[in-house]
Amino acid sequence: MRWSTSTRSVLPQARNVGVGVWLVLREYRRERGRKIYRCLVLAVILAVGAILHILPDAYGVLRLSGYEQAAYDFRLSGNLEESDLVALRNSPAVKEVLAAAIWSLRLESDEGKAVRSAMVVFVDDMAVASRLMPLNPSKKTFEPGGAVLTSRLASQLSVRVGDSILMDWADYDVDSPPAVPARVSCLVESGADGELAVVDEDLAETALMEAMGKLRAKGEPGASQPRFTVFFVSLRHPVDDSWIFETIGGEPEEYSLEWRKDRLDSERQEVARLDSSTNSILKSLSVLLYTVALLYLCGQRLTSRRKELAVLAAAGAARPTLLAYVLADMFIVIVSASALALIATYLFFRLQLMFVLPGHLIARLSIHGLVLDIIVGSLIAALAIWRTRVSQITKALAKVF
Amino acid sequence: MGPIIETKDVSLVFRPAPRTCVVALSDISVQIARGAFTIIQGPSGSGKSSLLQVAVGLQPPTEGQVMLFGMDTARFGNRDRAALWSKRIGFVYQAFNLLPFLTAHENIELPMRLQSVRHKNGRRARVEQCLELVGMKTLGDRLPSQLSGGEQQRVAIARAIVNEPELLVADEPTGNLDDAAAGLVLDLLKRLQFELGMTVVVATHDARFRPAADHVIKLEQGRLVSEVRYR
Numbered sequence: 003m004r005w006s007t008s009t010r011s012v013l014p015q016a017r018n019v020g021v022g023v024w025l026v027l028r029e030y031r032r033e034r035g036r037k038i039y040r041c042l043v044l045a046v047i048l049a050v051g052a053i054l055h056i057l058p059d060a061y062g063v064l065r066l067s068g069y070e071q072a073a074y075d076f077r078l079s080g081n082l083e084e085s086d087l088v089a090l091r092n093s094p095a096v097k098e099v100l101a102a103a104i105w106s107l108r109l110e111s112d113e114g115k116a117v118r119s120a121m122v123v124f125v126d127d128m129a130v131a132s133r134l135m136p137l138n139p140s141k142k143t144f145e146p147g148g149a150v151l152t153s154r155l156a157s158q159l160s161v162r163v164g165d166s167i168l169m170d171w172a173d174y175d176v177d178s179p180p181a182v183p184a185r186v187s188c189l190v191e192s193g194a195d196g197e198l199a200v201v202d203e204d205l206a207e208t209a210l211m212e213a214m215g216k217l218r219a220k221g222e223p224g225a226s227q228p229r230f231t232v233f234f235v236s237l238r239h240p241v242d243d244s245w246i247f248e249t250i251g252g253e254p255e256e257y258s259l260e261w262r263k264d265r266l267d268s269e270r271q272e273v274a275r276l277d278s279s280t281n282s283i284l285k286s287l288s289v290l291l292y293t294v295a296l297l298y299l300c301g302q303r304l305t306s307r308r309k310e311l312a313v314l315a316a317a318g319a320a321r322p323t324l325l326a327y328v329l330a331d332m333f334i335v336i337v338s339a340s341a342l343a344l345i346a347t348y349l350f351f352r353l354q355l356m357f358v359l360p361g362h363l364i365a366r367l368s369i370h371g372l373v374l375d376i377i378v379g380s381l382i383a384a385l386a387i388w389r390t391r392v393s394q395i396t397k398a399l400a401k402v403f
Numbered sequence: 010m011g012p013i014i015e016t017k018d019v020s021l022v023f024r025p026a027p028r029t030c031v032v033a034l035s036d037i038s039v040q041i042a043r044g045a046f047t048i049i050q051g052p053s054g055s056g057k058s059s060l061l062q063v064a065v066g067l068q069p070p071t072e073g074q075v076m077l078f079g080m081d082t083a084r085f086g087n088r089d090r091a092a093l094w095s096k097r098i099g100f101v102y103q104a105f106n107l108l109p110f111l112t113a114h115e116n117i118e119l120p121m122r123l124q125s126v127r128h129k130n131g132r133r134a135r136v137e138q139c140l141e142l143v144g145m146k147t148l149g150d151r152l153p154s155q156l157s158g159g160e161q162q163r164v165a166i167a168r169a170i171v172n173e174p175e176l177l178v179a180d181e182p183t184g185n186l187d188d189a190a191a192g193l194v195l196d197l198l199k200r201l202q203f204e205l206g207m208t209v210v211v212a213t214h215d216a217r218f219r220p221a222a223d224h225v226i227k228l229e230q231g232r233l234v235s236e237v238r239y240r
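Protein sequence lines correspond, in order, to chains A and B. Plus 2 on top of the position in the first sequence (first one is 1) and you've got our numbering. Plus 9 on top of the position in the second sequence (first one is 1) and you've got our numbering.
Just so you know, the hints here were simulated from the structure itself, not pulled from any lab data. Since the structure is predicted, the reported quantities are computational estimates derived from the model, not experimental observations. Backbone N, C-alpha and C fix where the C-beta goes; we use that ideal spot for every residue, glycine too. Any given hint could be a false lead.
What the simulated footprint calls covered on chain B by chain A, stretch by stretch (three residues with Cβ under 8 Å from a Cβ of chain A suffice, anywhere in the stretch; the number is not a length) [to be verified]:
no., stretch
1, 95-102
2, 118-132
3, 218-228
Taking lysine-lysine and the BS3-like style, the derived pairs with C-alpha atoms no more than 30 Å apart in a straight line are [to be verified]:
no., chain 1, residue 1, chain 2, residue 2
4, B, LYS146, A, LYS115
5, A, LYS142, A, LYS263
6, B, LYS129, A, LYS37
7, A, LYS263, A, LYS141
8, A, LYS309, B, LYS227
9, A, LYS309, B, LYS199
10, A, LYS309, A, LYS37
11, B, LYS17, B, LYS129
12, B, LYS129, A, LYS309
13, B, LYS129, B, LYS96
14, A, LYS141, A, LYS97
15, A, LYS309, B, LYS146
16, A, LYS263, A, LYS97
17, A, LYS142, A, LYS97
18, B, LYS227, B, LYS17
19, B, LYS199, B, LYS17
20, B, LYS96, B, LYS17
21, A, LYS115, A, LYS142
Chain A on its own, in the form it takes in the complex:
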């Protein structure tokens, strides 16, 4: 019996690569469970690396984004009264003022399921608050008459947008103060100011004033609470510190003045300080983790496939086929594990850091961390494979006999 040889032809090396890829695809089709398991293990390693990689970035964003997005120029704290507010608002240098009173209150979910103490900022204009305060990096508009909670606080109280909360006195044992109800109109994702609620002053004025009256009558601490405790001021043109105190007619030592630019600079310095130490350590650790994982994967692939590679070599597989076989497998594993790692990293930041980072930012940071690490790790791993010689494989073949 003799067979025709007319169908034989020599094709370029691309054909050899094609055979390598064909083998990998067949392998994936038939050994799906093992491949998925390997993929999951690698995905966990990659996700840990990505989390390490982007933690410093996430920290930087948390520290800075609130102040970067806020539109106030300075913040004045102290015993502030209506007359101070009027004086500032009447000045041509001032564009906008948000007057707020910060009170520590007890918050309850409407059904009384959860109770938390939190700082409540009563603001005289919710729309201005959404622009000026360093609480709203995503620039959501705060609805007048509603309450805005940080996502962390909402999660602790188990409330969502549309639910109601009750605000009550926590620090002073006032007899039967009326609990003030407020409908949650918006959640903000910011960790910059911790657990905060921003509430329209109109909503609670009567009740709180009533309570204030009781406090004054009892002579309790806090009875001399001022009308406002903080102003956020946006300017039309630059002014100096003395102008501010002249305008409100007060002494500098009675107030605390903080320029947003100064605060931002100080936050940036803090983040930069972290950059130079922890950041480098975490990022190096992350790259190291990736490299070790990928090298292990390559080594494991080459070792576990030694027999297959040897048999292929004996069947006449050229080096491009053998390389394509190993590299295509690694490519598929790395790409699918990276996709899983991206999802895992995203979920980690969403769930573990309690919504403090906006989703799109987490996705951007995760992709950034993963891509950088995978490029470095893959280059090293590919180099290791590239250095594998056919002679090493034929030695393995000798052992197969």
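Let chain A serve as the given structure and place chain B on it in line with the hints.
For chain B alone, kept in the frame of chain A given last:
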């Protein structure tokens, strides 16, 4: 026409550790004629597999020269070796070494893919022929794990011969098989020699091969102790 394999004073020494030296082959000179059914016999550790490996270029000899198809194996590059193994030599192993994720059909087809046989129909027809030759026509779509040892070895033989090699090299092809399966494999190898004119070289300690052999090389402790040519 010269011998298909010729070894001249071939020695093979392994050094598994410093100051340790294992002599696998010592001054072996043999000639294997084209078209012959040659068996290399000897007890375990006598150097049968080593001689086979050296003869087909899997191992370079420590000393001596090996001529394969009239070419010195010491001068083979990777491409020469790949071309030779894909076109002119077929390997059959004791442990079958089928790729576990390929069906019998795909395992047999693999060397043709590696040799860039383009036409799918041509490949399929040839695989069918090979499967028929080894008596496995109905089992082509099974994975190796779904086949018995004897069936796997027959698929391995079909894979080895699919590219019509001139030389078929088998290392203990019946080592993992029961008597009935071993008999089938022996018959198959003999048929390949007769019907396709292949040169078959088998390293084995299975005495059933002896009556079928044209040429018997007997080794002991890496040395050639006897060589008998029947035809």
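Here is what the structure says about each hint:
1. 95-102: holds (count 4)
2. 118-132: With 11 residues closer than 8 Å to chain A, the stretch 118-132 of chain B meets the three-residue bar; holds.
3. 218-228: Answer violated; 0 residues pass the 8 Å Cβ test.
4. B:LYS146 - A:LYS115: Not satisfied, since the Cα-Cα distance of roughly 72 Å exceeds 30 Å.
5. A:LYS142 - A:LYS263: Roughly 22 Å separates the two Cα atoms, so the pair holds.
6. B:LYS129 - A:LYS37: 29 Å, holds
7. A:LYS263 - A:LYS141: Status holds; Cα separation ~19 Å.
8. A:LYS309 - B:LYS227: Since the Cα atoms of LYS309 of chain A and LYS227 of chain B sit roughly 29 Å apart, the hinted pair holds (cutoff 30 Å).
9. A:LYS309 - B:LYS199: 28 Å, holds
10. A:LYS309 - A:LYS37: Answer holds: LYS309 of chain A to LYS37 of chain A is near 18 Å, not above 30 Å.
11. B:LYS17 - B:LYS129: Answer violated: LYS17 of chain B to LYS129 of chain B is near 43 Å, above 30 Å.
12. B:LYS129 - A:LYS309: 27 Å, holds
13. B:LYS129 - B:LYS96: 18 Å, holds
14. A:LYS141 - A:LYS97: 19 Å, holds
15. A:LYS309 - B:LYS146: 27 Å, holds
16. A:LYS263 - A:LYS97: 17 Å, holds
17. A:LYS142 - A:LYS97: The given pair, whose Cα atoms are some 20 Å apart, holds under the 30 Å limit.
18. B:LYS227 - B:LYS17: It holds: about 16 Å lies between the C-alpha atoms, which stays within 30 Å.
19. B:LYS199 - B:LYS17: This hinted pair holds, its Cα atoms lying about 27 Å apart.
20. B:LYS96 - B:LYS17: 25 Å, holds
21. A:LYS115 - A:LYS142: 28 Å, holds
In terms of the numbered hints stated before, the structure departs from hints 3, 4 and 11, listed from lowest to highest.
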